[in-house]
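Protein chains: 2
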Amino acid sequence: MDIDRHRFRRSASRITVLAHALGVTALSLLLVWLLHYREGINLDSDNASRVFNVHPFLMFFGFIFFAGEAAMAYKTVQAERKVQKFTHMLLNLIALVLGIVGIHAAFKYHNMINLKHMFSLHSWIGMGTLCFFILQWLFGFAMFMFPRSSNSSTRERGLLWHVCAGRALLYMAICAAETGLMEKASTLKLMDSRESHLVNFTGLTILLFGITVDLSIALARYI
Amino acid sequence: MDIDRHRFRRSASRITVLAHALGVTALSLLLVWLLHYREGINLDSDNASRVFNVHPFLMFFGFIFFAGEAAMAYKTVQAERKVQKFTHMLLNLIALVLGIVGIHAAFKYHNMINLKHMFSLHSWIGMGTLCFFILQWLFGFAMFMFPRSSNSSTRERGLLWHVCAGRALLYMAICAAETGLMEKASTLKLMDSRESHLVNFTGLTILLFGITVDLSIALARYI
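Sequence lines, in order, name chains D and S.
If you're matching positions, the first sequence starts at 1 in UniProt numbering and goes up one per residue.
If you're matching positions, the second sequence starts at 1 in UniProt numbering and goes up one per residue.
Calculated from the structure, these hints are not laboratory results.
Watch out, some of these pointers could steer you wrong.
The list makes no distinction among identical chains, and a pair is therefore deemed to hold if it is satisfied within one copy or across any two copies.
[Claimed, not checked] DSSO-like, lysine-lysine: derived pairs with alpha carbons at most 30 Å apart: (1) 75 to 85; (2) 116 to 189; (3) 116 to 82.
Could you build the full structure based on these sequences and the hints that come with them?
What follows is the structure, encoded as structure tokens:
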């Protein structure tokens with residue numbers, strides 16, 4: 001293609017910066033919501049709402065934000081490939097562990113208020129995402145952390161599928177977050193309040209974070 | 001990259017077939033829900049629920065399904081590039097018009113039951129998607145339907161941004177659909193019923209449709 005690739009690549013790296021900024025903005029909005037409008041965050045509290053609040057906090061900051069940063073690590077970490085790969089693996093491992101704690105918080109909350117588990121669309125998408133994420137992490141660890149165990153052609157085909165699966169996972173995680181915010185706003189009957197606007201802006205920022213991370217990976221890989 | 005590209009491309013075209021199948025499955029599940037569990041679909045009815053049901057039907061079948069097929073038209077339409085381009089434009093125009101009628105149905109329903117417009121996260125994401133979609137269509141029409149009006153390098157850079165914006169729009173539209181189903185399931189208090197499972201399966205199928213369309217475009221363009 002006859003295109004000024006250098007100029008396009010520069011625009012692409014601006015998208016990565018935008019992704020970081022959107023991630024931090026979403027986190028700030030989420031904290032304002034949970035700490036100012038809701039009753040704070042505490043997994044060991046007797047107050048069920050505080051236990052619940054650990055869930056959105058860890059699912060975004062722990063799971064989505066870390067996994068998003070892991071996805072962009074090959075662009076953002078200025079080091080040799082081995083170090084980038086290790087950072088990518090480690091950030092995803094942190095995301096996985098914090099994601100499990102975040103889901104534990106939701107289950108603990110359900111038990112405290114005697115609510116059935118796993119009936120909503122949000123819970124189905126969310127649990128599907130976590131299970132698929134664990135498989136993807138194990139597959140990635142086995143295939144790319146011990147590269148001598150498979151031949152180079154298998155590994156390269158594996159890499160393409162790994163990237164595709166990673167992008168699909170990001171898609172799923174963002175949908176889980178959006179449906180989660182929607183479910184909570186409906187349950188709390190926020191309607192047209194200031195709190196509802198805050199939740200909506202948080203949701204939009206998380207969505208834009210997902211889109212910019214997705215584009216950042218696409219542009220880095222294919223341009 | 002030393003990779004068996006032919007084999008990978010074959011897998012990629014299987015993803016396009018899967019995308020069609022998922023789209024049709026999602027449509028079937030949606031129709032079972034709206035016609036069997038809900039009261040049917042009719043924009044001119046005095047029954048507010050029937051008017052409302054036009055909204056999910058047209059937003060998925062009219063908007064998302066047509067726009068998804070439009071996105072894949074360069075792979076699925078076996079004709080010269082001009083015909084593919086025209087099909088792509090036309091399918092997106094149909095999506096746009098049906099999307100506007102679908103949003104009109106939601107507004108009409110709100111008026112019938114005296115509900116405020118545009119307060120939920122779903123409505124914000126959905127309206128944002130439609131407005132951005134209109135801009136993207138106008139931009140695409142002006143830039144690619146009259147190619148002589150801009151120079152080739154501008155057009156090629158424009159094409160890359162057009163593809164990126166299209167994929168971002170698909171992301172947004174899928175999130176709009178998921179939050180919409182979540183909002184309706186919460187409002188109807190479906191909890192752990194058979195209807196709730198049907199809505200969840202519909203949501204999952206729509207999500208998988210989005211992911212497979214996204215992968216299909218990514219693989220077609222970059223492999």
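Hint check results:
Only within a single protomer do residue 75 and residue 85 lie at most 30 Å apart by alpha-carbon distance; the minimum there is 11 Å, versus 34 Å between protomers. Proximity of residue 116 to residue 189 under the C-alpha cut-off of 30 Å is found in both arrangements, the shortest distances being 20 Å within a copy and 13 Å between copies. Taking the closest pair of Cα atoms, residue 116 and residue 82 never come within 30 Å of each other, the shortest separation being 45 Å inside a single copy and 55 Å across copies.
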